[in-house]
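Make a model of the complete structure from these sequences and hints.
Protein sequences appear in the order of chains A, B, C and D.
First residue of the first sequence? That's 183 in this note's numbering, and the numbers climb one at a time after it.
First residue of the second sequence? That's 183 in this note's numbering, and the numbers climb one at a time after it.
First residue of the third sequence? That's 183 in this note's numbering, and the numbers climb one at a time after it.
First residue of the fourth sequence? That's 183 in this note's numbering, and the numbers climb one at a time after it.
Please keep in mind that the hints were generated in silico from the structure rather than gathered at the bench.
Keep in mind that the hints are not guaranteed to be accurate.
For identical chains, the list gives no copy identity; a pair is met inside one copy or between any two copies.
As the list claims (entries may be wrong) - With a cut-off of at most 25 Å between alpha-carbon atoms, the simulated DMTMM-like pairs for lysine to aspartate or glutamate come out as follows:
no., residue 1, residue 2
1, Lys283, Asp226
2, Lys207, Asp288
3, Lys198, Glu188
4, Lys283, Asp205
5, Lys207, Asp226
6, Lys192, Asp226
Number of protein chains: 4
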Amino acid sequence: MNITLEQAEKAISAAKQKSTEIDTKMNIAVVDAGANLVAFGRMDGAWLGSLDISIKKAKTARFFDMNTGIIGELSQPGGSLYNIEHSNNGLITFPGGIPIKNASGDVIGAIGVSGSSVENDHTVAEAGATAI
Amino acid sequence: MNITLEQAEKAISAAKQKSTEIDTKMNIAVVDAGANLVAFGRMDGAWLGSLDISIKKAKTARFFDMNTGIIGELSQPGGSLYNIEHSNNGLITFPGGIPIKNASGDVIGAIGVSGSSVENDHTVAEAGATAI
Amino acid sequence: MNITLEQAEKAISAAKQKSTEIDTKMNIAVVDAGANLVAFGRMDGAWLGSLDISIKKAKTARFFDMNTGIIGELSQPGGSLYNIEHSNNGLITFPGGIPIKNASGDVIGAIGVSGSSVENDHTVAEAGATAI
Amino acid sequence: MNITLEQAEKAISAAKQKSTEIDTKMNIAVVDAGANLVAFGRMDGAWLGSLDISIKKAKTARFFDMNTGIIGELSQPGGSLYNIEHSNNGLITFPGGIPIKNASGDVIGAIGVSGSSVENDHTVAEAGATAI
Numbered sequence: 183m184n185i186t187l188e189q190a191e192k193a194i195s196a197a198k199q200k201s202t203e204i205d206t207k208m209n210i211a212v213v214d215a216g217a218n219l220v221a222f223g224r225m226d227g228a229w230l231g232s233l234d235i236s237i238k239k240a241k242t243a244r245f246f247d248m249n250t251g252i253i254g255e256l257s258q259p260g261g262s263l264y265n266i267e268h269s270n271n272g273l274i275t276f277p278g279g280i281p282i283k284n285a286s287g288d289v290i291g292a293i294g295v296s297g298s299s300v301e302n303d304h305t306v307a308e309a310g311a312t313a314i
Numbered sequence: 183m184n185i186t187l188e189q190a191e192k193a194i195s196a197a198k199q200k201s202t203e204i205d206t207k208m209n210i211a212v213v214d215a216g217a218n219l220v221a222f223g224r225m226d227g228a229w230l231g232s233l234d235i236s237i238k239k240a241k242t243a244r245f246f247d248m249n250t251g252i253i254g255e256l257s258q259p260g261g262s263l264y265n266i267e268h269s270n271n272g273l274i275t276f277p278g279g280i281p282i283k284n285a286s287g288d289v290i291g292a293i294g295v296s297g298s299s300v301e302n303d304h305t306v307a308e309a310g311a312t313a314i
Numbered sequence: 183m184n185i186t187l188e189q190a191e192k193a194i195s196a197a198k199q200k201s202t203e204i205d206t207k208m209n210i211a212v213v214d215a216g217a218n219l220v221a222f223g224r225m226d227g228a229w230l231g232s233l234d235i236s237i238k239k240a241k242t243a244r245f246f247d248m249n250t251g252i253i254g255e256l257s258q259p260g261g262s263l264y265n266i267e268h269s270n271n272g273l274i275t276f277p278g279g280i281p282i283k284n285a286s287g288d289v290i291g292a293i294g295v296s297g298s299s300v301e302n303d304h305t306v307a308e309a310g311a312t313a314i
Numbered sequence: 183m184n185i186t187l188e189q190a191e192k193a194i195s196a197a198k199q200k201s202t203e204i205d206t207k208m209n210i211a212v213v214d215a216g217a218n219l220v221a222f223g224r225m226d227g228a229w230l231g232s233l234d235i236s237i238k239k240a241k242t243a244r245f246f247d248m249n250t251g252i253i254g255e256l257s258q259p260g261g262s263l264y265n266i267e268h269s270n271n272g273l274i275t276f277p278g279g280i281p282i283k284n285a286s287g288d289v290i291g292a293i294g295v296s297g298s299s300v301e302n303d304h305t306v307a308e309a310g311a312t313a314i
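In structure tokens:
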């Protein structure tokens, strides 16, 4: 089961709305179950460096079927997954990446958001993930 | 002067419509004047390998402010730009990438389309580029 | 629909048998519908450089849902897809990569074989692809 | 002296069995004495991001002929090998990679396992390494 472009665009639209509500400018990426990009949008004036980060967050969330921030807790110095970020051509392990599930609970893709504080990034990603 | 997300989404929407009209499934990418991705959409069932190609076509078109196919004519064996594709982490120099201009004729970005014959790719890219 | 590890191992086993029959030593890779590696085997004494080629052949076949050799005919100098190999971190477009379909005709993955002439590579890949 | 494909497949088979016993889903990679992939298997439903990690663990274990977790102890902030992960296109230095030796004690390859906790990854890797 794979996310459709219509679903991905719906997620991005919901994320953009939330981003505007909280007065931020975001890069928003959605990948499918194979961790390949389905849709992307960069809001006017959003950080350019967050483009790649948002895509890497979405991929990271699908790579391990969990929120990116959870991995970041384990990849700290002394943690069990220290420096896991060196795999897969670069992971991003702070908050802002969330798996997207269908009604049956299967992971069909993931969303990654970057452009503000990690708290705001997560809030916007959640708005996108839950819109489907 | 830079393309806005709203303009990029309008271009993708027009490109999707044209793609459906001619019964194809496309990957569609729009970059800004800095050759950085602004928006992207992969239609359901479109070739997975065309994801990267559509983005590279859009970048290539903006890198040189011309249609990608024109560069491809010069990059052939014996041509003046032979194997220019090795630069910039990989160019795509066959048709499907077109610069996007504003009313004043300034290049504000580019669109790249991949997923069918290069003629169809170009047709769909043109539909997107002229929608703005 | 995605290929299973059991199916992938069956394909590799059939490919190895065919490879031995025609007295060759092969690298054999199987990717899933997302173009991600599922299983791989390098026969003793097979060319080391064919490791990466077999994986790239499998990915290329899934990226465009066609035999790799077909793309190679179009990517020649003067061809419509000249130098497409620069995309997707490197394609391999000579024979030896074949999509794998299920009973319904859906592409569920692909196999890539490298280690001998391209004719032999294709023969061995076909033995693997049709074993499922 | 180099690991054979038959030995590598035996190691993967033993690792898969152990993985099933402890109710995990693993990516399992075996490299030879040259640190090049010999065989690989991704169990159905295993984390996609663990594909690359399992290969990197196997390579890391052979690169330095020691368990990956030992390197991870030295690569911490302030440690003697701080950030060694930046070398060799990315190392993985937490547990799950183990050198494989022949009866004479020579290193003939290595196994890397990823898909669960690092303790489970190591347990499964050990089952594979000792099967030869």
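Outcome of the hint check:
1. Only between protomers do Lys283 and Asp226 lie at most 25 Å apart by alpha-carbon distance; the minimum there is 17 Å, versus 29 Å within a single protomer.
2. In this homomeric assembly, Lys207 and Asp288 come within 25 Å of each other (Cα to Cα) only across copies, at 16 Å, whereas the closest approach inside a single copy is 30 Å.
3. When the C-alpha separation of Lys198 and Glu188 is checked against a cutoff of 25 Å, the pair qualifies both within a copy, at 15 Å, and between copies, at 12 Å.
4. Proximity of Lys283 to Asp205 under the C-alpha cut-off of 25 Å is restricted to the inter-copy arrangement: shortest distance 23 Å between copies versus 27 Å within a copy.
5. In this assembly of identical chains, Lys207 and Asp226 lie within 25 Å of each other by CA distance solely inside one copy; the values are 7 Å within and 28 Å between copies.
6. In the homo-oligomer, the alpha carbons of Lys192 and Asp226 lie at most 25 Å apart both inside one protomer (19 Å) and across protomers (14 Å), since each shortest distance falls under that limit.
When the structure is compared with the earlier hints, no violation turns up for any of them.
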